[in-house]
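Asks: Chains A and B, in that order, give the protein sequences.
The first sequence: position 40 = 40 (the UniProt record's numbering), numbered continuously.
The second sequence: position 247 = 247 (the UniProt record's numbering), numbered continuously.
Worth flagging that the hints you see were computed from the coordinates, not collected in a lab.
One or more of the hints may lead you astray.
Because identical chains share one entry, a pair is satisfied inside a single copy or across any pair of copies.
Stated by the list, open to error - Each computed SDA-like pair below joins lysine to any residue, with the alpha-carbon atoms no more than 20 Å apart: (1) Lys237 with Tyr31; (2) Lys310 with Met35; (3) Lys237 with Leu32; (4) Lys60 with Lys310; (5) Lys237 with Asp280; (6) Lys22 with Pro53; (7) Lys48 with Arg235; (8) Lys237 with Pro30; (9) Lys170 with Tyr246; (10) Lys22 with Cys138; (11) Lys201 with Asp58; (12) Lys201 with Ile176; (13) Lys80 with Ala154; (14) Lys190 with Phe61; (15) Lys237 with Ile176; (16) Lys270 with Ala248; (17) Lys48 with Ile287; (18) Lys237 with Val182; (19) Lys170 with Ile181; (20) Lys72 with His291; (21) Lys22 with Leu315; (22) Lys299 with Asp99; (23) Lys72 with Ile203.
Number of protein chains: 2
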Amino acid sequence: MASIFPASSTPMRSDRNTYVGKCFVHVENPYLDSMDEDVLYHLDLGTKTHNLPAMFGDVKFVCIGGSPNRMKAFALFMHKELRLEDAEEDMKDICAGTDRYCMYKIGPVLSISHGMGIPSISIMLHELIKLLYHARCCDVTIIRIGTSGGIGIAPGSVVITDEAVDSFFKPQFEQIILDNIVTRSTELDKELAEELLNCSKDISDFPTLTGHTMCTYDFYEGQGRLDGALCSFSREKGLDYLKRAYNAGVRNIEMESTVFAAMCRLCGLKAAVVCVTLLDRLECDQINFPHDVLVEYQKRPQRLISKFIKQRLGLRDQTS
Amino acid sequence: MASIFPASSTPMRSDRNTYVGKCFVHVENPYLDSMDEDVLYHLDLGTKTHNLPAMFGDVKFVCIGGSPNRMKAFALFMHKELRLEDAEEDMKDICAGTDRYCMYKIGPVLSISHGMGIPSISIMLHELIKLLYHARCCDVTIIRIGTSGGIGIAPGSVVITDEAVDSFFKPQFEQIILDNIVTRSTELDKELAEELLNCSKDISDFPTLTGHTMCTYDFYEGQGRLDGALCSFSREKGLDYLKRAYNAGVRNIEMESTVFAAMCRLCGLKAAVVCVTLLDRLECDQINFPHDVLVEYQKRPQRLISKFIKQRLGLRDQTS
């Protein structure tokens, strides 16, 4: 792999915090280049079995979300929005050989599912980042478009994360490496968040705001829910925790943002998290809106991101 | 929900550590019985929309694994093994309304997928345990049949977990509840593990052994792999960690066993973990056996569990 980059690109890749010229996606692993083959096991792709630069070299936007069906729907939506010439029926799941994740390519846009929780998204991100690296991708923007629980905001609101925080409201991610705990920053790209917030101003039929996003390891006990199989705290204690989160600036809770922010930051990917809220956790624990309402809510981040991508590509917006 | 149990069953349910008469699946949540409706959101089931006792009341064995395709294959295999009268084509994904998990029922056996990692399996377990509770199930055995990386044993070996340990080789699971960390025991059912090991003695074409199973939050940095997008330790350090794990009794590594053991133990489910190893981590990091070899490996825990279930049900074994 040592020869995969032209000599001229090397200095730019080493300067990962500034943005001079092309910013290549890079790995932070001195061993990778010496591998004869890299099998991206959970994506069912590999450097010997696939021509990754030819398949993915033009990728500029990567959109990821938990649910495979939702990421397929997003791919179909983007296909329409970008008015691509190839038939919609030709859009195939690139990871069809595995059921761990799904992946679709729509021109310069990749749409990928990541399952639920930090470990699941982390496996996908390791292999996605290596894929983008092997494919010599540059200037890639990555956005997680997900669902979440809101705190003190109307259900259906879209939250653009200004800071991803852990269960203790700290903007950090604790990565266990062997038997050591390493603390990583979860800083996201501020300019990108601002650009997304500006885009949202043209969409009037739902509220979009910026706020901290809390990332937990658990949907029930870790998020103060009273409706799990296990619950050892009182209603008051649970509510107090959510209120303290609100006072610390948290506006929504999900289960992937901290590791997503930490890994993208280390590998030269400008990253954002845009999640719709399906309920207000100060009001209830259960998600029980009618199916069609939830489906419409889940389209909101997709509409915002489509607008953003079209703006970046200089395409005229005909919708919303 | 207060009336869902006949009065006679109440004393038995409170005695969860012994096994006198019927052992009902129970929840450890004082709030659940006062809920008017319980929506099991990620399973697309609920107490008002589904007759859970009628649908699931006879369940005695729950088998779970990460991959939806694998758990469908297991369901089809069990259908054949149990020689059920209903047509194989009638076997439907009970959770078809969602793509988070899949679920199949084969007589007294449930086959469910749980995705990858502690958070993903934990969401499924909360909702599965509530399902079994609402359905008034008793004497339920639950077995995770998964894939794993082996340490110091031949690829294709099946490991029955005698102890689920964390990244620090400790038999415990740290559950974050609100902003507190609570340590839970990961003890599994010893008699069940022994019964499974006895079953394995009749299967001569692959080795089965008992050993500790290490559960990590991450597939790459957390398991000492040199082939992730990020790697900050030396080859020697990584190998030293795996050798220390081996010396502590660890024979395989996966990503779900600690939370699985902890939650099942608290809710009256006799639990076991049976995983096949796809590689020996003392030899390599990448999984690159041919597809058909990996497929055959993944059938091994299924064959063992089928043998066990048929033995429990008093059915004559015609295979293996």
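Asks: Against this structure, judge whether each hint is valid.
Replies: Hints, verified against the model:
Taking the shortest Cα distances, Lys237 and Tyr31 sit within 20 Å of each other only across copies (14 Å), while inside one copy they are farther apart (48 Å). In this homomeric assembly, Lys310 and Met35 never come within 20 Å of each other (Cα to Cα): the closest approach is 38 Å inside a single copy and 46 Å across copies. Taking the closest pair of Cα atoms, Lys237 and Leu32 come within 20 Å of each other only across two copies (17 Å); inside a single copy the shortest separation is 47 Å, beyond that limit. Within a single copy, Lys60 and Lys310 get their C-alpha atoms as close as 12 Å, which meets the 20 Å cut-off; across copies the closest is 53 Å, which misses it.
Taking the closest pair of Cα atoms, Lys237 and Asp280 come within 20 Å of each other only inside a single copy of the chain (17 Å); across copies the shortest separation is 46 Å, beyond that limit. In this assembly of identical chains, the alpha carbons of Lys22 and Pro53 lie at most 20 Å apart only when taken from the same copy (16 Å versus 60 Å across copies). Taking the shortest Cα distances, Lys48 and Arg235 never come within 20 Å of each other, neither inside one copy (55 Å) nor across copies (24 Å). Within a single copy, Lys237 and Pro30 get their C-alpha atoms only as close as 47 Å, which misses the 20 Å cut-off; across copies the closest is 14 Å, which meets it.
In this assembly of identical chains, Lys170 and Tyr246 lie within 20 Å of each other by CA distance solely inside one copy; the values are 13 Å within and 35 Å between copies. Proximity of Lys22 to Cys138 under the C-alpha cut-off of 20 Å is restricted to the intra-copy arrangement: shortest distance 6 Å within a copy versus 62 Å between copies. In this homomeric assembly, Lys201 and Asp58 never come within 20 Å of each other (Cα to Cα): the closest approach is 29 Å inside a single copy and 54 Å across copies. For the homomeric pair Lys201 and Ile176, neither the shortest alpha-carbon distance inside one copy (40 Å) nor that between copies (37 Å) is at most 20 Å.
Neither within a single protomer nor between protomers do Lys80 and Ala154 lie at most 20 Å apart by alpha-carbon distance, with minima of 30 Å and 50 Å respectively. When the C-alpha separation of Lys190 and Phe61 is checked against a cutoff of 20 Å, the pair qualifies only within one copy, where the shortest distance is 17 Å, while the shortest distance between copies is 50 Å. Within a single copy, Lys237 and Ile176 get their C-alpha atoms only as close as 29 Å, which misses the 20 Å cut-off; across copies the closest is 14 Å, which meets it. In this assembly of identical chains, Lys270 and Ala248 lie within 20 Å of each other by CA distance neither inside one copy nor across copies; the values are 25 Å within and 41 Å between.
Proximity of Lys48 to Ile287 under the C-alpha cut-off of 20 Å is restricted to the inter-copy arrangement: shortest distance 14 Å between copies versus 45 Å within a copy. For the identical chains of this complex, Lys237 and Val182 are inter-copy neighbours only, at 15 Å across copies versus 30 Å inside a copy, given an alpha-carbon limit of 20 Å. With identical chains, the CA atoms of Lys170 and Ile181 are at most 20 Å apart both within one copy (15 Å) and between copies (15 Å). Taking the shortest alpha-carbon separations for Lys72 and His291, only the intra-copy value of 18 Å comes in at or below 20 Å, while the best inter-copy value is 26 Å.
Neither within a single protomer nor between protomers do Lys22 and Leu315 lie at most 20 Å apart by alpha-carbon distance, with minima of 22 Å and 66 Å respectively. In this homomeric assembly, Lys299 and Asp99 come within 20 Å of each other (Cα to Cα) only across copies, at 17 Å, whereas the closest approach inside a single copy is 24 Å. Proximity of Lys72 to Ile203 under the C-alpha cut-off of 20 Å is found in neither arrangement, the shortest distances being 23 Å within a copy and 42 Å between copies.
This entry does not satisfy hints 2, 7, 11, 12, 13, 16, 21 and 23, going by the numbered hints stated previously.
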